[in-house]
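Chains as they are written, first to last, in UniProt numbering: chain A, 1 to 101; chain B, 1 to 101.
Quick caveat, the hints were computed from the structure, so don't treat them as lab data.
The list treats identical chains as one, so a pair stands whether inside a single copy or across any two.
Pairs of lysine to any residue residues, derived as SDA-like cross-links and limited to a Cα-Cα distance of at most 20 angstroms, are as follows:
1. K2 / G69
2. K14 / A27
3. K14 / G52
4. K2 / C57
5. K2 / L97
2 protein chains.
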Amino acid sequence: MKFAKHVFVCTNQKEAPKKSCGAEHGAALLDAFKQELTQRGLQKEIRAQRAGCLDACAFGPALVVYPEGTYYGNVQVADVAELVEKHLVNNEVVERLKLDF
Amino acid sequence: MKFAKHVFVCTNQKEAPKKSCGAEHGAALLDAFKQELTQRGLQKEIRAQRAGCLDACAFGPALVVYPEGTYYGNVQVADVAELVEKHLVNNEVVERLKLDF
Chain A
1 MKFAKHVFVC
11 TNQKEAPKKS
21 CGAEHGAALL
31 DAFKQELTQR
41 GLQKEIRAQR
51 AGCLDACAFG
61 PALVVYPEGT
71 YYGNVQVADV
81 AELVEKHLVN
91 NEVVERLKLD
101 F
Chain B
1 MKFAKHVFVC
11 TNQKEAPKKS
21 CGAEHGAALL
31 DAFKQELTQR
41 GLQKEIRAQR
51 AGCLDACAFG
61 PALVVYPEGT
71 YYGNVQVADV
81 AELVEKHLVN
91 NEVVERLKLD
101 F
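Could you put the whole structure together from the sequences, leaning on the hints where they help?
Dropping the structure here:
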């Protein structure tokens, strides 16, 4: 597998009043992931990148981590360090953000 | 897992002369996947969607299938039916398009 973990962050923007993850918020999340991974020297093993709609609009801002296929919802920039430390590095699911898909 | 297979198709466009998968080509591939999946009634179990750069620019147009993490390169619209039939439905890797990551 090319990456030990591959994180897809939704940056899809729908027109109001439809709920969506949002381009701006998605970009901010992605920047936070990239910064955290680079600081830890993990950017070659673990990739975080943008994606279109992950089919979880009502629960966004959303992302999915593969190969596990774990979906997280209502993710804020302040949650990124915990997601990296717990899930991406230590394989522990962050239950408070996990979506039950 | 929300989807039995989750296909991320790169739609990233870089400025020439840099090689990239390309927005137009990626969109055409994605349309072909969606059409094929819908025709087979598989659109709820198997998702194909757009993604940003998959870090395989030199081998594009590229896509990755999760949870396996199988990368395919130089994918053309004419290859989509085979990818759906072999890989997504029957779990057989399409060796001639597989990238060795």
